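Asks: Below are the chains, spelled out letter by letter.
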Amino acid sequence: MALVTFLSDFGDKDYYVPAVKAKMLAVNPQLNIIDISHSIDTFDIAHAAFVLRSTFREFPKGTVHLVAINTTGSITQGYIGIKLEEHIFLGPNNGILSLLADHDPGIMVQFADIHLQDTTFPAKDILAPIAAKVASGAAIHDFGGPLTNFRKLMARQAKATKEQILGHVARVDRYGNLITNIRKDIFDKLNPGKFTIEFGREIVYNLNKGYDQVEPGDCFAFFNSMNLLEIGINHGHGADLLGLKYDSVVFVNFNL
Amino acid sequence: MALVTFLSDFGDKDYYVPAVKAKMLAVNPQLNIIDISHSIDTFDIAHAAFVLRSTFREFPKGTVHLVAINTTGSITQGYIGIKLEEHIFLGPNNGILSLLADHDPGIMVQFADIHLQDTTFPAKDILAPIAAKVASGAAIHDFGGPLTNFRKLMARQAKATKEQILGHVARVDRYGNLITNIRKDIFDKLNPGKFTIEFGREIVYNLNKGYDQVEPGDCFAFFNSMNLLEIGINHGHGADLLGLKYDSVVFVNFNL
Amino acid sequence: MALVTFLSDFGDKDYYVPAVKAKMLAVNPQLNIIDISHSIDTFDIAHAAFVLRSTFREFPKGTVHLVAINTTGSITQGYIGIKLEEHIFLGPNNGILSLLADHDPGIMVQFADIHLQDTTFPAKDILAPIAAKVASGAAIHDFGGPLTNFRKLMARQAKATKEQILGHVARVDRYGNLITNIRKDIFDKLNPGKFTIEFGREIVYNLNKGYDQVEPGDCFAFFNSMNLLEIGINHGHGADLLGLKYDSVVFVNFNL
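Listed in order, the protein sequences are those of chains A, B and C. Number 256 marks the last residue of the first sequence (the numbering used here); no jumps. Number 256 marks the last residue of the second sequence (the numbering used here); no jumps. Number 256 marks the last residue of the third sequence (the numbering used here); no jumps.
Some hints could be false.
Pair ranges (Cβ atoms, derived) [what the hints assert, rightly or not]: (1) C:Ser136 - A:Lys194: 44 to 52 Å; (2) B:Asn227 - A:Ile107: 32 to 40 Å; (3) B:Leu241 - A:Asn227: 39 to 47 Å; (4) B:Ala112 - A:Pro29: 23 to 31 Å.
Computed footprint of chain B on chain A, listed as stretches where at least three residues anywhere in the stretch have a Cβ under 8 Å from a Cβ of chain B [said to hold, decoys possible]: (5) 2-14; (6) 21-35; (7) 119-129.
Hints listed in this document are in silico derivations from the structure and should not be mistaken for laboratory results. From a predicted model like this one, the values you see are computed outputs, not experimental measurements. Glycine is no exception: its CB is placed at the ideal position from the N, C-alpha and C atoms.
Just chain A, same shape as in the assembly (with noise of 0.2 Å):
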């Protein structure tokens, strides 16, 4: 059964979650339908290509993923379909779909005029048909030709020198964990052996292993299973009680 994951700032309210799925599964009622989230905050394309970076590595190879976040702002620059590590993302060419790694998507196309029309949600009448239909054996390139204007965002990235990592949170999960784009690979290359990592008024000095490798309330920092450093504080909400929050700074010192 053919795979398709589902990202959108839809929400579960209103028809637009279901119409996008009622849409694919009258191309193909086999299709087996993953919701990555629909919660995204409305337009938060950060937001959304984070949880989208996080995950989609774990699907099987082959997978359709249909992203439509602020699919209709992004009306003039069209609708694309890309391969980035055997993976297949269907979505609007608003940079979203490069955020998703460091390097650029191995093929790329733009969905020619043949397979878009005038509509007011896109998401449903242009991506839902193409991604069940890739999803059932064709390949993207069926719906048009190369892309030559991939458009690219920038996302945050830590700096590094040998004194020091600075780095940002890049998410506060529903726990009020604080994950940050400091990569573990990066730290491992810089660290002598001696360490201080600097959050709000809070110094650690070690890294733990896990959550509960402190006491409850007290404050850990662990590489997760991303391989990017995460802060908080064990059984509390370390945004609130630290007064950190989405892009608050976090430094790693190596100078001590």
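The hints should help you fit chains B and C onto chain A, whose structure is shown.
Replies: This is chains B and C only, laid out in the frame that chain A set:
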């Protein structure tokens, strides 16, 4: 794989949604159950009907739709199955199924006593088993006889004269956009070529092709993919900014 | 198509839910994954156990249930699989699986080190692959040996004497209805034919057959489809109007 859609006001924190699905899967584990929404405001038949009416036709013909809104409040009127435009709907006879189209269903069945039971959870104990069996090949008339007292509710209709269409906001969506009950076919028939659209303290003089055809912060108006007049503010929460809500009046004036 | 249910407190805005599903689908893309809920209050084992206990028996026998509540806080107690009433449950050994029934599971397996790994996301990295394999035909004892330290939690039980049953509110549902831990079989055994039910400042003198057997605004009381005493206000938010909440006391008096 047979499709069943499922619409309710059960929310996402209780056992009601998974219990209904479980009951269907116990009949046929191969069912593909698609959620329409479970976040309908409690007992809000108008909201539920709007969402289902806006989406059911996108599903493949023959899809079974299980509708569980206010199922227990209507126990005295019984439970019914209808066939409408080659879709099958099961639900309480409380009027909600009368709001899905402007015409009557082709087939209407009152479920027989033998399929009912004394229960405080009829969506699970009565509707789910029938839905699963119908999706697996049975016919709704296998479960009862002709329905003679189909309960009808009247959706608020737009009023049209040569001078004016007077409509209402039928739904404020997650983005704050206002979907009205003013239909494109009525507008097209009456439109002499010049018109104004009035809502709140705003007047617009022409139709757009989409949300992003006006500057962010400006009002748009267009006929959406359901051929209903939709108004709002590009990248703004139209309802809040315009002071409009569900049932607010919207005018289209032709007599200028 | 094999069924797996999935219960967590991960919410709907993070990558946790889709990442766990992806990991299962990578093992077996044919899995039919049914959400129990992901909106459980964070770390709320009692809420999660109540929802799963109320619904698991409706699923087909042999269904695999993946339970991810507080999985990281319990890392030292390990991860387990149990077989209970021909259903299979996988989760942390933190007591949650002991709350699903009043009797002990028939089979209890402690997952062996070889299937564990050093991870901050055990629901994805440990439980998901085992769940997918068990749903695809493997047995839980393929993944470990006998569990000797099954962690048990005690759900609050109603206390019954000939004169009185003293129970508590076990769940306030979305509608404000109050589901108690007072069981029908206990009530039936003790009931001399005359009783009062007391909660907040209300007393009711008989049982109803459903929500709508009293006037809107009046109190109802009945044994629900789980055979638990449920009380509330027809078409009103019982908890708010009666000043009751989770764990509030409810009395059934027989000594009149």
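Asks: Now tell me, hint by hint, if it's right for this structure.
Replies: Outcome of the hint check:
| no. | hint | in the structure |
| --- | --- | --- |
| 1 | C:Ser136 - A:Lys194: 44 to 52 Å | 47 Å, holds |
| 2 | B:Asn227 - A:Ile107: 32 to 40 Å | 37 Å, holds |
| 3 | B:Leu241 - A:Asn227: 39 to 47 Å | 43 Å, holds |
| 4 | B:Ala112 - A:Pro29: 23 to 31 Å | 30 Å, holds |
| 5 | 2-14 | holds (count 6) |
| 6 | 21-35 | holds (count 9) |
| 7 | 119-129 | holds (count 5) |
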